[in-house]
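Enquirer: Below, each chain spelled out in residue letters.
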Amino acid sequence: MFDPATKILIVDDMSTMRKMVMKTCQKIGFTDFAEAADGVLAWEAVQNDKKIGLIISDWNMPNCTGLDFLKRVRADARFKHLPFLLVTAEAEKHQVIEAIKSGCSGYVVKPFTSEQLSGALEEAHKRLSK
Amino acid sequence: MQLIDRESYHKAFIDGVIIMCEVMCQSSVQNGSLDNKSPESLFVVPSIFGSIQVDTDFEVASATICFNQTTYLKAMERVLESTCDTLTEDLKDGVAEMMNIIFGHAKKELNAKGQTIKLAIPKIISDINNSALEDLKINTSTIPFQSDFGTFHLLIGEPIKKEITHV
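Chain order of the listed sequences is A and B. Each step along the first sequence adds one to the number in the numbering used here, with nothing skipped, and position 26 is 26. Each step along the second sequence adds one to the number in the numbering used here, with nothing skipped, and position 57 is 57.
If you are wondering where the hints come from, they were derived from the structure by calculation, not from laboratory data. Be aware that a few hints might be false.
[Said to hold, decoys possible] DSS-like, lysine-lysine: derived pairs with alpha carbons at most 27 Å apart:
#, chain 1, residue 1, chain 2, residue 2
1, B, Lys74, A, Lys23
2, A, Lys101, A, Lys50
3, B, Lys108, A, Lys101
4, B, Lys108, A, Lys71
[What the hints assert, rightly or not] What follows is a list of derived Cβ distance ranges for each label pair:
#, chain 1, residue 1, chain 2, residue 2, range
5, A, Lys23, B, Ser8, 47 to 57 Å
6, A, Ile28, B, Glu134, 37 to 47 Å
7, B, Leu80, A, Gln116, 40 to 50 Å
8, B, Asp57, A, Gly29, 39 to 49 Å
The beta-carbon is built from N, C-alpha and C at its ideal position, and this holds for glycine as well.
Same shape as in the complex, but just chain A (with noise of 0.2 Å):
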């Protein structure tokens, strides 16, 4: 699993949905958080911010959407390990089978329960430990 005193960067346009996410971090033990509105925003936090170490993104949001953000960061080679771990309400096939073809570690469908987040974030370690 993830150490908890990872930084997580939580990106989503919602203000309560990141608050809910942060919440849901903080039961399972994280403490240190980064938030970001959408993706642009989250670029730039990722580039100046070097202790940020876990990405949780919204999908679906305007201007620059969680997958196009995925994107962006796995085309930096600085940043092609950095797990990153999509949110989405709309979990069809062919949009997990698309993140996962962009670098994905791991996704989590909203909403999602404490276990649930844990479990994905359990699976996403595993992924990028191999």
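Given chain A's structure and the hints, the job is docking chain B onto it.
Expert: Below, chain B alone, put in the same frame as chain A:
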């Protein structure tokens, strides 16, 4: 051409509300029966609406979740696990997230049955005088829901066939 089957359409959204409420608001919820008319009272009391367009290749419809402000604040207290006394700008977007989750569930269910519902972003309406609410008073069915934190409604704008232009 495949039009949305009304029964599946309503069920997909009702199931979405139930899942959203159970997980996000940690509350059991019971839906009432569908009423083919939007209650006028929804558009009088201070309410908050989260609305989304349901757009397929052949039809366009809408779905809207509606809370009176007191019930909404109680729901948000459950979502955020903290006290919510006032409807701040920050709190308002929770209603859009709720609608997003309901829509996501319905879209997945209906598209698995051959529909072509496209991705959409929900909008928030918290001003009772907003002209967008006029659209919700016509061609809209209402389903009441009873939860641990109060009663709220799902407004389902019935699908309207798109005009297909042949060139």
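Enquirer: Measuring from beta carbon to beta carbon, are Leu80/B and Gln116/A in 40 to 50 Å?
Expert: violated, 18 Å
Enquirer: Lys108/B and Lys101/A: Cα distance at most 27 Å?
Expert: holds, 20 Å
Enquirer: If you draw a straight line from the CA of Lys101/A to the CA of Lys50/A, is it 27 Å or shorter?
Expert: Satisfied, since the Cα-Cα distance of roughly 26 Å is no more than 27 Å.
Enquirer: Taking the Cβ atom of Ile28/A and the Cβ atom of Glu134/B, is their distance within the range 37 to 47 Å?
Expert: holds, 45 Å
Enquirer: At the C-beta level, are Asp57/B and Gly29/A separated by a distance inside 39 to 49 Å?
Expert: Hint holds: Cβ distance 46 Å, inside 39 to 49 Å.
Enquirer: Are Lys74/B and Lys23/A close enough, with their CA atoms no more than 27 Å apart?
Expert: The hint holds at about 18 Å.
Enquirer: Could you grab the alpha-carbon distance between Lys108/B and Lys71/A and see if it respects the 27 Å cut-off?
Expert: holds, 24 Å
Enquirer: Is 47 to 57 Å a correct range for the gap between the Cβ atoms of Lys23/A and Ser8/B?
Expert: violated, 34 Å
Checked against the numbered hints above, the structure violates hints 5 and 7; every other hint is satisfied.
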